[in-house]
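Trainee: Sequence:
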Amino acid sequence: MTTGWILSELFGALLFIGITIYMYFKLIAFNFWRRRGVPYEEPTFPGGNINDTIFNKKSLGVLFEDLYRKNKSRPYVGIYSFFKPNLMINDPELIRFVMAKEFSSFHDRGMYCNEKIDPLSGHLFLLPGAKWKSLRTRLTPTFTSGKIKHMFETLQENGILLEKFLEKKAHEKNEIDIKEVFAGFFTDIIMSTAFGINCNCLEHPESEFRYWGKKVFEPKPFVNTAMIFASKIMEIFSIPLNDKGVIKFFMKTFEETVQYRDKHNIERRDFLNLIMQLMKNGYVKNDEESETDLVKDTSPELEKFSMSEAAAQAFVFYVAGFETTSSTVTFCLYELALNQDIQKKTQEEIDRVLKKHGGISYNAINEMTYLHMVICETLRKYPPLPILNRICTKDIELPNSNVVISEGTPVVIPILGIHRDSNIYPEPEKFIPERFTEEQIRARHHYTYLPFGEGPRICIGMRFGLIQTKVALTNALAKFVFLPGPKTQRKLDFVPGIITLGTKEGIYLQIQHRS
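Last residue of the sequence shown? That's 515 in the UniProt record's numbering, and every number before it is there in order.
Keep in mind that the hints were calculated from the coordinates and are not lab data. Keep in mind the model is a prediction, meaning the values are calculated, not measured. Incorrect hints may appear among the rest.
[What the hints assert, rightly or not] Label-pair distances were calculated between CB atoms; the ranges are:
no. : residue 1 : residue 2 : range
1   : Gly37     : Gly408    : 16 to 26 Å
2   : Ser73     : Gly282    : 49 to 59 Å
3   : Gly146    : Lys304    : 33 to 43 Å
Ideal placement from N, C-alpha and C gives every residue a C-beta, glycine not left out.
Please model the complete structure; the sequences and the hints are all you need to start from.
Mentor: This is the structure:
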């Protein structure tokens with residue numbers, strides 16, 4: 001038996017296996033929607049309709065924006081992720097059907113998490129079914145208006161530090177990467193409120209807290225795509241979502257902080273204190289505000305949080321709090337720099353309200369209606385999560401059709417595409433805060449604006465995120481004006497390999513004192 005013969009046989013076997021796999025995809029897996037008479041986007045081997053994301057050519061948001069643009073006249077369209085059929089929902093009324101009206105059939109995201117190998121993945125955003133419901137019920141009291149108001153002092157302490165930092169940068173008269181500035185600022189806020197640590201990443205961007213924060217959002221095209229669209233592959237190979245160093249650092253930091261507070265009987269009005277209540281009591285003490293939970297539960301759970309459960313919730317609060325909020329503020333200041341008339345109008349409102357209230361306060365921030373419209377328009381143009389996912393948990397027929405969504409079928413909602421649809425938002429590339437007057441909001445379908453999701457799985461930290469954003473923008477715009485400079489990009493490119501909407505490069509602006 002010669003070497004040549006062995007190689008020839010091996011090549012023949014591999015060729016046969018390759019052809020068999022290809023034919024399976026082509027004739028069976030990729031024929032699912034055609035056999036059911038559902039309009040579909042033509043897939044290609046091996047990733048179906050998501051090859052450009054798998055191979056790091058397009059960001060997830062842009063890929064689905066392109067799919068939406070091609071198919072927006074259809075209420076739904078069949079697509080494929082690897083060999084798995086997915087249904088992309090374009091019609092606002094069908095989106096309401098999935099996210100709210102028939103939530104019981106679509107209550108899970110269908111995204112991968114494995115608490116055994118990655119304890120930080122066992123958090124509210126990813127957990128399915130009964131685990132999610134119990135956790136949501138217990139965490140909801142941590143985000144009441146009263147609790148957020150208690151944290152406002154900590155937020156504004158950081159706001160004052162931001163103002164001092166920007167003062168120094170304005171004197172230097174150089175363009176600054178506001179993306180990096182606000183990533184550091186919000187890392188400081190979240191580490192303070194979620195971990196009780198003053199890390200000063202704003203002044204020291206080389207800090208280990210900033211290093212590990214960057215590590216969380218390093219582009220990982222395959223892992224991040226598989227987490228959403230191929231959780232079985234992640235499960236089979238026991239792939240952790242987070243880098244081992246990230247897991248070790250945040251678990252150690254959280255445990256040490258909790259133990260220190262316990263030992264010294266330290267209580268602060270912050271998120272960590274509320275999480276520690278859940279560890280000790282299984283519930284959070286109510287404040288004066290009466291809140292009705294989005295998830296109806298007549299028998300509140302009293303099971304206490306374990307250390308790893310508590311750490312996972314602090315971790316997702318950190319991840320969501322610094323990355324999405326810093327991106328929103330960055331995109332907002334970028335748009336205001338390119339639209340000086342809107343920046344001036346925003347500053348005039350800030351001046352007027354701060355004069356009335358004698359400075360920045362919780363009530364003053366919430367009185368700034370035009371600033372709120374500016375933020376809403378930023379979130380329209382740059383939604384932090386450019387797509388939403390659900391998985392069908394029991395067979396259900398779509399209304400006004402004969403299409404049955406089978407149990408286990410993933411559903412995708414292309415938020416970025418909807419937010420940039422010219423039929424819904426005329427001239428969508430333009431930055432127009434007046435789209436969010438009360439009159440304009442009432443004129444649109446509620447489910448055409450989804451920066452925080454909707455229904456029972458709407459972002460639990462939405463109000464806290466908005467308050468953080470307003471604190472940052474108010475402190476920045478009260479004293480400084482932001483202008484485009486030589487390094488300012490006029491067209492932003494979004495980075496592939498991450499699930500959020502982020503730019504490939506920094507966003508550089510000039511900063512000057514207001515006259």
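Trainee: Check each numbered hint from earlier against the structure, then list the numbers of those it violates in ascending order.
Mentor: 3
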